[in-house]
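Dock chain to chain to rebuild the complex, using the hints, since each chain is given by itself in its own frame.
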Amino acid sequence: MKYKRLLLGDEAIALGALDSGIQGVYAYPGTPSTEITEFIQMQPITRERGIHCRWCVNEKTAMEAALGVSYVGKRSIVCMKHVGLNVAADPFVNSAISGCNGGIIVVVADDPSMHSSQDEQDSRFYGKFALIPVLEPSSQQEAYDMMEYGFNLSEQRKTPVLMRVTTRMAHSRSVVEVNSQARPIDAISYPQEPWRWVLLPVNSKKRYPKVIENYEDMQAKAMESPYNIYTDGADKSVGIIACGIAYNYLKENAGEDFQHPILKISQYPLPVDMINKMAAECETLLVMEEGQPVVEEMVKGILPVNCRVIGRLSGGADGKGVLPRTGELTPDSVRAALGLPAHETYPASQVTVPRPPALCQGCGHRDVYNALNQTLAEYPDYKVFSDIGCYTLGALPPFRAIHSTIDMGASITMAKGAADAGQFPSVAVIGDSTFTHSGITGLLDAANANANIVVVISDNLTTGMTGGQDSAGTTKLEAICAAVGVAPEHIRVVVPLAKNMEQIKAVIKEEIEYNGVSVIIPRRECIQTFKRHAKEKKN
Amino acid sequence: MKKDIILAGVGGQGILSIATVIGEAALKENLNIKQAEVHGMSQRGGDVQSNLRISSDPIASDLIPKGCADLIISLEPMEALRYLPYLAKDGWIVTNTEPFVNIPNYPAIEDINAELAKIANVIKVDVDAIAKEAGNPRGANIVLLGACSHLLGIEPEKFEQGIERIFARKGESIVDSNLKAFRAGQKAACK
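Listed in order, the protein sequences are those of chains A and B. Each position in the first sequence, counted from 1, maps to that position plus 1179 in the working numbering. Each position in the second sequence, counted from 1, maps to that position plus 70 in the working numbering.
Next up, chain B with everything else stripped away, as it sits in the complex (with noise of 0.2 Å):
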């Protein structure tokens, strides 16, 4: 089992807490893992990545080679755009569909998708509105962890477990949230 995942977004979406999750399941099943995040300068509001490896074997790079991702996770849809040229060609983009526009130049929504028809994989989530709707509106990113939860070779009961372990500290409605904005994210990439 081997899976490079590209998890991308906008400074203090929250892409780091989707690794968290992932890891933290990964670790359980005993899989190698490493993840390559990015601090600093660019977390203020600028584009943000992690390169995500999970694998029952050893694993050489921290980072992903260009044409090996078997999935981009994008919380942004044009961030989703910006890692293409990594994203092996029968992988997956699973992205949220709401763009996050804090710059004068953002693209046209209609070039975003017609780029993003392109590729012959996608699943396309509106995380924030169904994160509103199960009550969590801060729980998008989970929700989009749960649309792509069928992706990542681990039982999707591990994720859930793994969200458990992780929001414990914060009270059992924390956790209940979460797990409903997560059943919530599976259940879109469904339709």
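Okay, chain A solo, but in the shape it has when bound (with noise of 0.2 Å):
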């Protein structure tokens, strides 16, 4: 039996995942990937079975629970942003190597155009890298449909699946057919080659030939694939290849009368061999892809280098790409690589401002900002090294606070790093959420070292920025410093309220002061999550 759903993306998957059978997924939040897990979080069937959804601390230590489910036999879901796979890559890439028992997808969203984000890596690269096969829909029902073919190429490869989606993708809604059952949970079941597990220089020499037999076997197969489609046209001027979700804007624009050859690329590693036909066919190929110019670059190191491939890289009158070299697609910009004209339109108004984001009224970040910015007006040479969270927008106007944002955790170890080379003072700002997920070894580093550094953990309880999740270290905050070698009397716990404005000053002053590691934690719950409390507590 099937019904439909008005599902996102984000959702389609996760509801995918769970008529697969999964016995868990494992995530850190990231947008815009976020609501893989919440939706799994609030699902009946996700307590009726025990289905683990609890947030990881990092999406390492995800991609680690993830393989260890595989290893007894069952299937799982790792979820994170792009930027998450780099913090996950190690696991990532050597469980090509050791291989999967039972399936593995590793869901990552990828975020062209930035919206909510420091970069715009392709996680398609990965895939490539690690020889790893990759999915890519270009619809929400493919990504519900995906799952459970993903799982069954997981398991009959044996070898995790990356499903790759990017931002519109996973914060689209559409409406899905899905399933009205759930496939059983798997019974534990041990590995059949256990010595695959353990990546012993003898063991990975053995594997490893292997692994790539296994991709090239994948890419000879590539065209049987039902998400790599070709439909043949008469117009043989330019054939397109469009991938995922580019496939859907090359079709808002093909009209009834569109006579070029389609390739519909969901499904990596590539077609080679519908490639191949393609260019034996036509004049030139237009690649239409979202994000890096991954498989632009891919075919023509395929084809001979007479064939013409155009797309991001080349092909325009400016000796560009036809597309954008960067940021997201849009129906707009394949509508001008296929050469159609532009729609009629409104000039963009002149009166309309730009309207960044900032930080809530009422939050406590702005206090510890006002308190840093007050305080460290003393010190003329002051650097604060800051990290990924809502507290980033105390980079912007009014606050004008921080000196660098690079990724999770960096805001400690750099300015570790300034000190060791004489920078003084050298603070770093970081929520508790970032602090649990990549901070807590590079306050061991300081420690151990004695750095003369003041460590600001911004504690708003809780994960804020994308959303309000549950956020590892509430509560164990002070502990964890202690335990990784910072002085107790070093560790100082304030309110962050305009009425306690002079202590917060002192306290960081003392700090300051102090030629030592230093940790302040400013503590008030995210005035979001506080609001959001008080309602459910008056329901």
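These aren't lab readings, by the way, just hints derived from the structure by calculation. Careful: at least some of the hints might be erroneous.
[Unchecked claim] Derived DMTMM-like pairs (lysine to aspartate or glutamate); straight-line CA-CA distance at most 20 Å:
| no. | chain 1 | residue 1 | chain 2 | residue 2 |
| --- | --- | --- | --- | --- |
| 1 | A | Lys1430 | B | Asp127 |
| 2 | A | Lys1714 | B | Glu242 |
| 3 | A | Lys1678 | A | Glu1704 |
| 4 | B | Lys72 | B | Glu225 |
| 5 | B | Lys73 | A | Glu1523 |
[What the hints assert, rightly or not] Per the computed footprint, the stretches of chain B lying under chain A, defined by three or more beta-carbons under 8 Å from a beta-carbon of chain A, are:
| no. | stretch |
| --- | --- |
| 6 | 154-167 |
| 7 | 175-183 |
| 8 | 196-206 |
[Stated by the list, open to error] Derived CB-CB ranges, DEER-like:
| no. | chain 1 | residue 1 | chain 2 | residue 2 | range |
| --- | --- | --- | --- | --- | --- |
| 9 | B | Asn175 | A | Asn1629 | 39 to 49 Å |
| 10 | A | Ser1359 | B | Ser126 | 17 to 27 Å |
| 11 | B | Arg208 | A | Pro1373 | 53 to 63 Å |
| 12 | B | Arg208 | A | Ser1416 | 53 to 63 Å |
| 13 | A | Ser1493 | B | Lys188 | 32 to 42 Å |
| 14 | B | Glu227 | A | Ser1359 | 28 to 38 Å |
| 15 | A | Glu1435 | B | Ala190 | 25 to 35 Å |
We treat Cβ as the ideally placed atom computed from N, Cα and C, and that holds for glycine.
Written out as structure tokens, the structure reads:
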């Protein structure tokens, strides 16, 4: 039995996973992937079946836990944003060598145009790099259907599968036809070749050629995938390769009289035979893909040099691409690449001004930055190294309070490095969830070196930026800092409220003047979760 | 039937609730729907928009092409103007008149109104005031939905049924106050 539901792409993935009989979802929140895990947390079946859905400390622990589930023969998904895969890269890449037992799908949501991210890296590179097959749905329905397909692929090929989506797939709703029954969760069953899981050189050397062989075989059979579809057309001047969501933008612009051959790609490794066929028949191949020019470069590598391949890298009159090199695709950029005239529009408004995001009114981070700015004003050469979270908005006016944001955890380690090099005062600002994600190891480095830094762990008791998920370190921060070696008298807790401003400033000043590692923990609940909790209590 | 709608506003104003009610009604009508949202950092008091497409035929793109929107529904007057290049020449703007000023360089309201006056089809409604009058100050978004309900290609009663289903779990009084807000919006748009 099937029925229809209106689902976000993320929700379609979540439901597809539940219906495929997963034992757990392992994830750290990150836009645009967060709603996959949140959806699973809300479903009755999750409770009934005891499906794991608690947030993990970071993407690496998530990926490794999923490998454990796989070892004992059960299915799971791992979810993260694109930069999260950098954190999980070690277990991800090596999981190709061990292979899997129970199916694993690693769902990674890329964020081209950087709506809520610091870069627009393309996760498909990781698939090629690790020799792991990639699925890239072009619709929410495909995203749902591909979960069962992907688990079967994973278990038949004994390899994790990477599903790559982008913001517009993750965060767009559509009507999806779904199953009314979920597959049962598998019983425990151990690997048939247990040696594969011990990546000693002697075993890896045996495995690696097999991994390559398996990948090459998947490539040879890529044209059999139901998600790679060749549609022939009479006009062979241009053949179009459309990957994932780019296919939608192509269809949006391709009227009934559209005659070009189209190769829709939603599964990698690439179907080389189909690409060769298109190249043999068409004068030019136009590659449309969301993200970096991964396929465009690969296609150029596959085909003889005299084949004309255009896309995000080349083919434009100005020596650039026919599609923009950066940012997400749009129906308009794809329309232009097809040489179709733009629709008639109103000109852009001359009155509107940008409305950048800002820290919420009543947010504790505001008080933290006010106190820091006022105290540090006494020191002409102060530097504040910060991190990833709502408090990154402290870089913008009116605060302009921080000088760096690189990745999860880099605040503490950069402050230490700068202090090593003679910087004073060297201050780090990190959130509670980011601290447990990737800050603890850096603090241990700093404590071992007795670095002269002040670490501010701005504790709002939640993972705020992504909408208020549980934070792994809640109630444990002081104990963690003491355990890695910060002197207990230099672990200071304050309440970031305007009325406490003088006290907070005094604490900051004292700890700057202390030559060693200090941790200041301004602790007050996120104003958004506070309002939500107050409302829940009222109801 | 095909309607391409851009919902605009400031993070926290509740544009996604409007989208939810329209989507719910469209699903009941067995229409195809695509609705792209923006989550994450921009929700913190920044400009937010959602592309909502409903159609009796299959919909390809999650995003509305420029010059193709039948309707811009905005909870804030300057935000209505931000998406002008997406509006079809015969499209409509239905907007709240009450500015949401959380930036130092917010333009003069006269300039905003002058620019709105250049658009062929505009409905301006002070949804904040109407919501207050209707005894539901937090229902401004539902007032706005009422004000544009005749332009959506779905019978207005279907939205009322959608409101009943969506707010049912919050109790009868919440359902009633939202229905009241919806009807007040309908009435205001007729003026």
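Cross-check of the supplied hints:
The hinted pair formed by lysine 1430 of chain A and aspartate 127 of chain B meets the criterion: a straight-line CA distance of about 13 Å does not exceed 20 Å. A distance of roughly 18 Å separates the Cα atoms of lysine 1714 of chain A and glutamate 242 of chain B; the hinted pair therefore holds under the 20 Å criterion. For a cut-off of 20 Å, the pair hint linking lysine 1678 of chain A to glutamate 1704 of chain A stands: about 16 Å separates their Cα positions. The suggested pairing of lysine 72 of chain B with glutamate 225 of chain B holds, with an alpha-carbon distance near 14 Å, which does not exceed 20 Å.
A C-alpha spacing of about 17 Å is found between lysine 73 of chain B and glutamate 1523 of chain A, which places the hinted pair at or below 20 Å, so the restraint holds. For the stretch 154-167 of chain B, the proposed coverage by chain A is satisfied: 6 residues have a C-beta within less than 8 Å of a C-beta in that chain, meeting the threshold of three. With 5 residues having a beta carbon nearer than 8 Å to a beta carbon of chain A, the stretch 175-183 of chain B meets the requirement of three or more and the stated coverage holds. Counting residues of the stretch 196-206 of chain B whose C-beta lies closer than 8 Å to any C-beta of chain A gives 0; at least three are required, and the coverage claim is violated.
The hint said 39 to 49 Å for the Cβ distance between asparagine 175 of chain B and asparagine 1629 of chain A, and at roughly 47 Å that hint holds. Roughly 26 Å separates the CB atoms of serine 1359 of chain A and serine 126 of chain B, a value that falls within the hinted 17 to 27 Å. Against the hinted window of 53 to 63 Å, the Cβ-Cβ separation of arginine 208 of chain B and proline 1373 of chain A comes to about 59 Å, which satisfies the hint. With their beta carbons about 57 Å apart, arginine 208 of chain B and serine 1416 of chain A fall inside the hinted range of 53 to 63 Å.
The beta-carbon spacing between serine 1493 of chain A and lysine 188 of chain B, approximately 40 Å, falls within the hinted interval of 32 to 42 Å. For the hinted restraint 28 to 38 Å between glutamate 227 of chain B and serine 1359 of chain A, the CB-CB distance of approximately 29 Å keeps it satisfied. A hinted range of 25 to 35 Å holds for the C-beta pair glutamate 1435 of chain A and alanine 190 of chain B, which are about 30 Å apart.
Figure legend: structure checked against the earlier numbered hints; the only hint not met is number 8.
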